[in-house]
Amino acid sequence: MGKGAFILFVFLILFSGVVIAQEFMTVETDIIVPESLIMIEVPDYVYVGNITWGFETEVISDKVNINNTGTVDVRVYPELVDPEEEIFRFLHFSELKNGPYKIIEDWDINISAPSQFGGVEKEYFYMKLDLEDYEGEFNESMLGHQTQIEFIAVEQ
1 MGKGAFILFV
11 FLILFSGVVI
21 AQEFMTVETD
31 IIVPESLIMI
41 EVPDYVYVGN
51 ITWGFETEVI
61 SDKVNINNTG
71 TVDVRVYPEL
81 VDPEEEIFRF
91 LHFSELKNGP
101 YKIIEDWDIN
111 ISAPSQFGGV
121 EKEYFYMKLD
131 LEDYEGEFNE
141 SMLGHQTQIE
151 FIAVEQ
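Following the numbering used here, the numbering of the sequence shown begins with 1 at its first residue and continues without gaps.
Hints listed in this document are in silico derivations from the structure and should not be mistaken for laboratory results.
Among the clues, some could well be false.
To be verified - Okay, the calculated beta carbon distance ranges per label pair:
#1 145 to 98: 25 to 33 angstroms
#2 135 to 58: 20 to 28 angstroms
#3 120 to 21: 38 to 46 angstroms
#4 145 to 73: 34 to 42 angstroms
#5 138 to 96: 26 to 34 angstroms
#6 28 to 98: 50 to 58 angstroms
#7 45 to 108: 16 to 24 angstroms
#8 132 to 96: 18 to 26 angstroms
#9 36 to 145: 35 to 43 angstroms
As the list claims (entries may be wrong) - Within a straight-line C-alpha distance of at most 25 angstroms, the following computed SDA-like cross-link-like pairs (lysine to any residue) qualify:
#10 63 to 79
#11 63 to 114
#12 63 to 128
#13 97 to 78
#14 102 to 49
#15 102 to 59
#16 128 to 105
#17 128 to 47
#18 63 to 41
#19 122 to 43
#20 63 to 48
Glycine residues also receive a C-beta, built at the ideal position from the N, C-alpha and C atoms.
My request is simple: use the sequences and hints to build the entire structure.
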């Protein structure tokens, strides 16, 4: 083998590692234009503590989570399912543990839309039952007294 053939052989070995290859990948997505989807989540049950007229409960130590699982910014406000409920109409809400607290009929909270489609935007609030202004009297103890609150969300 001559010197020229050897150089050609080395040249071919060195550059034979450089191979050009092509592969293609198809990428697909479903583009969804959602309607204004309004969806929220709240806990099923919250215990606010023991109370008697003329006093208020301590603030619930744990925050109460409220989640926006829809596609738009929402304003959420609570409403008693039973408008004749005398005790829980003195329920107070605040976004801060130390207040200020607003009575149920005057309180609302704004929650941004989730940043990702199908995601959750989390907010929270605190509650207490304040019977300092309650003018009625309890004739007997009402252990386990409950009511339902509907949280109504509207698009901002």
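Hints versus structure:
1. 145 to 98: 25 to 33 angstroms: holds (27 angstroms)
2. 135 to 58: 20 to 28 angstroms: Given a distance of about 22 angstroms, which is inside 20 to 28 angstroms, the answer is holds.
3. 120 to 21: 38 to 46 angstroms: holds (44 angstroms)
4. 145 to 73: 34 to 42 angstroms: For residue 73 against residue 145, whose Cβ atoms are near 35 angstroms apart, the range 34 to 42 angstroms holds.
5. 138 to 96: 26 to 34 angstroms: Since residue 138 and residue 96 have Cβ atoms about 30 angstroms apart, the given range 26 to 34 angstroms holds.
6. 28 to 98: 50 to 58 angstroms: holds (51 angstroms)
7. 45 to 108: 16 to 24 angstroms: holds (22 angstroms)
8. 132 to 96: 18 to 26 angstroms: The hint (18 to 26 angstroms, Cβ to Cβ) holds, given that residue 132 and residue 96 are roughly 20 angstroms apart.
9. 36 to 145: 35 to 43 angstroms: holds (37 angstroms)
10. 63 to 79: holds (19 angstroms)
11. 63 to 114: Given pair residue 63, residue 114 holds - Cα atoms ~20 angstroms apart, limit 25 angstroms.
12. 63 to 128: Status holds; Cα separation ~11 angstroms.
13. 97 to 78: Holds. Residue 97 to residue 78 sits at ~18 angstroms (cutoff 25 angstroms).
14. 102 to 49: Satisfied, since the Cα-Cα distance of roughly 18 angstroms is no more than 25 angstroms.
15. 102 to 59: holds (13 angstroms)
16. 128 to 105: holds (14 angstroms)
17. 128 to 47: holds (10 angstroms)
18. 63 to 41: holds (14 angstroms)
19. 122 to 43: Holds - the C-alpha atoms of residue 43 and residue 122 are around 13 angstroms apart, at most 25 angstroms.
20. 63 to 48: The given pair, whose Cα atoms are some 12 angstroms apart, holds under the 25 angstroms limit.
Hint violations for this structure: none, all hints satisfied.
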